[in-house]
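All chains, full assembly: derive it from the sequences and hints.
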Amino acid sequence: MDGEIACQSCDLLVNVAATRHGESASCPRCGCFLTKLHDDALHRVIAFSSIGLMFLAFASSYPFLSLSSSGVESAITLIQAPFALWSKGMPEVAVLVTAFIIAIPALVLMMMLTLCILITRGRYHSSLLPLAKGIFIGQKWSMVEVFLIAVIVAMVKIAAMATVTIGISFWAYGAFAICFTLAASSLDRYQCWQKIALLAIK
Amino acid sequence: MHVRKRDSIQRTLALLITASLLYIPANLYPVMYTDALGSNEASTIMGGVVLLINLGSAPVALVIFVFSVMVPSAKLMAMFYLVWTVQRHSPLDPRQRSTLYRVVEFIGKWSMVDIFVVTILVALVQLGGLLVILPGIAAVSFAAVVILTIIAAESFDARLIWDNMDEKNSVN
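First to last, the sequence lines map onto chains A and B.
First residue of the first sequence: 1, per this note's numbering; consecutive thereafter.
First residue of the second sequence: 1001, per this note's numbering; consecutive thereafter.
Don't take each hint at face value.
Every beta carbon over 10 Å from chain B, so not counted as near; a handful from chain A, in silico [what the hints assert, rightly or not]:
#, residue
1, G22
2, Y124
3, K133
Calculated cross-link-like contacts (lysine to aspartate or glutamate; reagent style DMTMM-like; alpha-carbon spacing at most 25 Å) [stated by the list, open to error]:
#, chain 1, residue 1, chain 2, residue 2
4, B, K1005, A, E4
5, A, K202, A, D40
6, A, K133, B, E1105
7, B, K1109, A, D188
8, A, K36, B, D1007
9, B, K1109, A, E145
10, A, K195, A, E92
11, A, K88, B, D1163
12, B, K1005, A, D188
13, B, K1005, A, E23
14, A, K133, A, D188
15, A, K140, B, E1105
16, A, K36, A, E73
17, A, K36, B, E1154
18, A, K133, B, D1007
19, A, K88, B, E1154
20, A, K195, A, E73
21, A, K133, A, E73
22, A, K202, A, D188
23, B, K1109, A, D39
24, A, K140, B, D1007
25, A, K133, B, E1154
26, A, K140, B, E1154
27, A, K202, A, E92
28, B, K1005, B, D1163
Just so you know, these hints were derived from the structure itself, not from any lab.
If you're wondering where the values come from, they're calculated on a predicted model, not measured in any experiment.
Here a beta-carbon is modelled for each residue, glycine too, at the ideal position from N, C-alpha and C.
Structure, rendered in C-alpha cells:
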C-alpha cells in the first residue's frame, strides 16, 4: 500500500500515507474531502449500526404521532405513514418515501454491520465487494435526517388545526438517525476499500 | 482511482431538461388538499409557505421556502451552469466550480422535506368528516424533480471541470 489516492473530484494524485488517527485529508487542489482515519472505525461502525437497527425496530412498532380534535383521534406508526399515500392513489411516492426513510437506511445499516464483522474476522470473503458498493450507493439515498425535519414542519402546520402528540417512536427514530449518521461517518470510503484490498492479497 | 462516468454531459443534460419540465407542474398544481368541515382547499408549494407565514411560524416557512423553492431552482441553474462551462472549456476558477458542485451534491436530498411533510399530513390528518388532508398531483412531479436532479448531479463527472485546466497549464 503506497498511500496514493486519486482525488474523486479532480483526479489529482495525493499521498495520504501520513494521515494519523483522528485526522482527515482533503485534496490540495480542489478542496474535496479525501479520507478520514479512525483506528477503531470498524468497532465504531459495528456498535452504532447494531444499536441503530434496534432503535429502528423499536421506532416501527410504537405510535409515531397522534392527533386529536374535538374528541376525534388518529394515531400513526412509522410504517403506516407511507401506506396512507398508497391508498390515496399515489403508490409511486409511497414506495419512494418508504425506501428513503426506512428500507434503504435499514439495509445500509445491515450491510455496514455485516461488512465490518467480516473484515474484523480477517479473512477475504467474496461478498465484501458487493457489500461495500451497496453501502456507498445506499448512503446517498438515505434521508433519515431530512425526514426528522419534515416531522417538525408537519407538526407546526397542523398545530393550528388540531392537537398533535409526539409518540415514543418519534424519539426512537431520532436516536436511530443519530446512530445512522455516526455509523455512516465512521466508515470511510477509502479506508474501507484499502482494508478489503489488504484482505484480498493476503 | 475511480473510473470516469460515461457520456457524463449528455446524460446530465438529458436529466436536467426532464427535471426542468417537471418543475413546471410541480409548482402550478396543488401538492395537497385540505378538507375541513366540508370546505375543500388546495395548496401549492408556494401556497404552503404563505400559509405558514400566516400561521405566524416564520422560521418553519423559511425552512420550506429554502428547501422546496430556492434549493431546487438554484440546483437546476447551478447544474446547467456547470455543464455549460465544461462544454465551452471555460477557464473560470475551477476550484470555485468544484465547490459549487459539492454544494449541489450535498443539498440535493434536502428538497424531499416537502414530500415527507405531505406524507405525514396525509397519514395523520384523517379525522373523519372533520379534517382530512389528501395528496395532490404536484407531489408526484416534485418528487420526480428532486430524484432526477440527484441523479443528474450523480452522473455529472466533476473531473471534467479540471480536464480543461490540465490542457491549458500543465503545471500539476
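Here is how each hint holds up against the structure:
Listed as a non-interface residue, A:G22 keeps its Cβ farther than 10 Å from every Cβ of chain B; the least gap is roughly 23 Å. Every CB of chain B lies more than 10 Å from the CB of A:Y124, the least distance being 21 Å, so the non-interface label holds. Taking the minimum C-beta to C-beta distance to chain B, about 12 Å, the non-interface status of A:K133 holds against the 10 Å cut. For the hint pairing B:K1005 with A:E4, the CA-to-CA distance comes to about 21 Å; that is within 25 Å, so the pair holds.
A threshold of 25 Å between alpha carbons decides the hint, and for A:K202 with A:D40 the separation of about 21 Å falls inside it, so the pair holds. Under the criterion of a C-alpha separation no larger than 25 Å, the hint pairing A:K133 with B:E1105 is consistent with the structure, at around 19 Å. The straight-line distance between the Cα atoms of B:K1109 and A:D188 is roughly 21 Å, inside the 25 Å bound, and the hint therefore holds. The suggested pairing of A:K36 with B:D1007 is violated, with an alpha-carbon distance near 31 Å, which exceeds 25 Å.
Between the alpha carbons of B:K1109 and A:E145 the distance comes to roughly 10 Å, so the proposed pair stays at or under 25 Å and holds. Among the hinted pairs, A:K195 with A:E92 is inconsistent with the structure: their alpha-carbon atoms are about 39 Å apart, more than 25 Å. Taken as a hint, the A:K88 and B:D1163 pair is broken in the structure, with Cα atoms around 49 Å apart against an allowance of 25 Å. Between B:K1005 and A:D188 the alpha-carbon distance is near 22 Å, which keeps this suggested pair within the 25 Å criterion.
Simply put, B:K1005 and A:E23 have alpha-carbon atoms about 30 Å apart, too far for the 25 Å limit, and the pair is violated. Note on A:K133 and A:D188: the hinted pairing holds, with a Cα-Cα distance of about 13 Å set against a maximum of 25 Å. Restraint check for A:K140 and B:E1105: the C-alpha separation of about 10 Å stays at or below 25 Å, so the hint holds. A distance of roughly 49 Å separates the Cα atoms of A:K36 and A:E73; the hinted pair therefore is violated under the 25 Å criterion.
In summary, the hint linking A:K36 to B:E1154 is supported, as the alpha carbons are separated by about 22 Å, within the 25 Å threshold. For the suggested pair A:K133 and B:D1007, the alpha carbons sit about 21 Å apart, so the restraint of at most 25 Å is met. For the suggested pair A:K88 and B:E1154, the alpha carbons sit about 32 Å apart, so the restraint of at most 25 Å is broken. Between the alpha carbons of A:K195 and A:E73 the distance comes to roughly 53 Å, so the proposed pair goes past 25 Å and is violated.
Between A:K133 and A:E73 the CA atoms are separated by roughly 45 Å; this puts the pair beyond 25 Å, and the hint is violated. At roughly 21 Å between alpha-carbon atoms, A:K202 and A:D188 fall within 25 Å of each other, so this suggested pair holds. Taken as a hint, the B:K1109 and A:D39 pair is broken in the structure, with Cα atoms around 31 Å apart against an allowance of 25 Å. Between A:K140 and B:D1007 the alpha-carbon distance is near 21 Å, which keeps this suggested pair within the 25 Å criterion.
A distance of roughly 15 Å separates the Cα atoms of A:K133 and B:E1154; the hinted pair therefore holds under the 25 Å criterion. Between A:K140 and B:E1154 the CA atoms are separated by roughly 10 Å; this keeps the pair inside 25 Å, and the hint holds. At most 25 Å may separate the alpha-carbon atoms for a hinted pair to count; A:K202 and A:E92 exceed this at roughly 46 Å. With a C-alpha separation of about 14 Å, the suggested pair B:K1005 and B:D1163 falls inside the 25 Å cut-off, and the hint holds.
The structure fails to meet hints 8, 10, 11, 13, 16, 19, 20, 21, 23 and 27 from the earlier list, while all remaining hints are met.
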